[in-house]
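A.B. asks: Starting from the known structure of chain F, arrange chain X on it as the hints suggest.
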Amino acid sequence: MPDDRDQIIAEHHPAAGEPAASGFAQTPSQTVGPFFGYALPYADGPSLVPPRTPGSIRLHGTVLDGAGDPVPDALIELWQADADGRPVAVRGSLARDGFTFTGFGRAAVDGGGHYSFSTLKPGPGRAGRAPFVLITVFARGLLHHLFTRAYFDDEIGLNGIDPFLASVEEDRRSTLLAHHEGGGSYRFDIRLQGDGETVFLQYPGIAR
Amino acid sequence: MTNLITQQEEAEPAVAIDDQRGIGAEIADLHARAAADPSAQGRQHPDRAFSAYRSTALRHPTHELVRADPEEIELTSPAFGHTDVATEESDLTIQHSGEPLGERIVVTGRVLDGEGRPVRGQLLEIWQANAAGRYVHKRDQHPAPLDPNFTGVGRVITGEDGSYRLTTIKPGAYPWRNHRNAWRPAHIHFSLFGSEFTQRLVTQMYFPGDRLFPLDPIFQSIADPKARERLIADYDHDVTSPEWALGYRWDIVLTGSRATWMEPEDADHA
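Sequences listed follow chains F and X, in order.
Under the working numbering, the residue at position 111 of the first sequence is numbered 111, and the numbers go up by one with no gaps.
Under the working numbering, the residue at position 20 of the second sequence is numbered 1020, and the numbers go up by one with no gaps.
Just chain F, with the same shape it has in the complex:
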């Protein structure tokens, strides 16, 4: 169903629909494999703010495969705006000085497929958009990483008018919602395949 979005995207991303049409051919992706655990995790990587910081939230969940089993060797990255909805452009995204919010975090899942971040709830971006955090999923058996967004299920008003959420089939929309468990804790399970499969994202102009 062609609509105005195609035109908007064509203007926004000239390469839309023509992957790598110009110039330089991309380097293909390969799986992260199972043995990244001694290399990619870094000190306090899951703590974008120290736990128990006033106003902080816990964003956590389990990564599950098509059989419903936990994936014990996944790596999750989180990238988000600050509490005012602004992207952070501070160098030193791996550094944890206890004061600077860098907006980036990285967590390996544990043996039960569970990850957990301590962070701030992002503010909304442009008017009429619901706040979200970006999630990138890497795992053994995943040849090309997956992108998704975690929205917050207690942002009922903004979620209700957000154009991206509205574009997602209604029966899959809940897979993009982190569920408020009370006490500043939100749960966002990631299902790679099968029942309740998480909505994963494709960006225009980005070759698959």
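Think of the hints as simulated: they come from the structure by calculation, not from any bench.
Owing to the predicted nature of the structure, the values given are computational and were not obtained by experimental measurement.
Every residue gets a Cβ at the ideal spot worked out from N, C-alpha and C, and that includes glycine.
The reader is advised that the hints may include incorrect statements.
[As the list claims (entries may be wrong)] Simulated DEER-style distance windows between Cβ atoms:
1) X:Ala1028 to F:Gly157: 51 to 59 Å
2) X:Gln1141 to F:Pro41: 18 to 26 Å
3) X:Asn1181 to F:Thr100: 49 to 57 Å
4) F:Gly111 to X:Pro1214: 33 to 41 Å
5) X:Arg1211 to F:Gly194: 37 to 45 Å
6) X:Pro1038 to F:Ile161: 33 to 41 Å
[As the list claims (entries may be wrong)] Residues on chain X that point at chain F, a partial pick, calculated with CB under 7 Å:
7) Arg1059
8) Thr1062
9) Leu1065
10) Gly1114
11) Val1202
C.D. replies: Just chain X now, with coordinates in the frame of chain F:
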């Protein structure tokens, strides 16, 4: 010698014991299907469902990806700098008190976006097995020696021209349990960010002339042979250091970018 079938790369043992010949036929069939599929033409990345790599079976999404227009946060990327990485981290051979065993190598190249512009000031991370094909990872059970002087982890921030340079040890091939007698070609894992969130890439660099290429389902998961070749470094005698190390050159191209990273590092105002 049966102990040589080890718990490598795969946590779960293969259900059926496929042999290399069967896997090879399966790879050939998957490539033929991709060549006949118009929607697969021009695909730069492997299909997430590549059955010859058994672990994809329960881990690839079955729904089409949902198209998202990038919002402001997606048009930027985490920013890195020299506070993130110490200079010594680009030399994996000096992280311990002694010299690691194996063939010392230099790997250098540039990180570019799809328009050929340098990706500056961004984090590049690598990890790899040692010269004997063993990772410093508690679940790596391959009965090859650990090297007390080699961890196999390096990091570097790309320069103004997008360049990077690493000194390391050539990793060994190793067995894994995808099928009977499965061996991974020697490779170094690379992780890269770009100037936009969508440019993120994790990949593997391979070494020229490896006879294991046609046999490896992970390398062969990329249907287009020209795209596969882009994962293979070039031996470059100008990079080779006399009396010291062999040199390889490998350029990495991320997706296109709307914006070039312009801000110099001293413009930080955090």
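A.B. asks: Next, verify each hint and record whether it holds.
C.D. replies: Going down the list of hints, with the structure as the test:
1. Restraint check, X:Ala1028 to F:Gly157: a C-beta distance of roughly 55 Å satisfies the suggested window 51 to 59 Å.
2. For X:Gln1141 and F:Pro41, the Cβ-Cβ distance of about 21 Å falls inside the hinted range of 18 to 26 Å, so the restraint holds.
3. Separated by about 51 Å at the C-beta atoms, X:Asn1181 and F:Thr100 satisfy the suggested range of 49 to 57 Å.
4. Checked against the hint of 33 to 41 Å, the pair F:Gly111 and X:Pro1214 passes, with Cβ atoms roughly 35 Å apart.
5. For the hinted restraint 37 to 45 Å between X:Arg1211 and F:Gly194, the CB-CB distance of approximately 38 Å keeps it satisfied.
6. Between X:Pro1038 and F:Ile161, the C-beta spacing of about 38 Å keeps the proposed range 33 to 41 Å intact.
7. Against a cut-off of 7 Å between C-beta atoms, the interface hint on X:Arg1059 holds, since the closest Cβ of chain F lies about 4 Å away.
8. Because the smallest distance between the Cβ of X:Thr1062 and any Cβ of chain F comes to about 6 Å, under 7 Å, the interface hint for this residue holds.
9. A cut of 7 Å between beta carbons decides the hint on X:Leu1065: the least distance to chain F is about 4 Å, and the hint holds.
10. Below 7 Å, beta-carbon pairs count as interface contacts, and X:Gly1114 has one with chain F at about 5 Å; its hint therefore holds.
11. A least Cβ separation of about 5 Å between X:Val1202 and chain F falls short of the 7 Å threshold, and the interface hint therefore holds.
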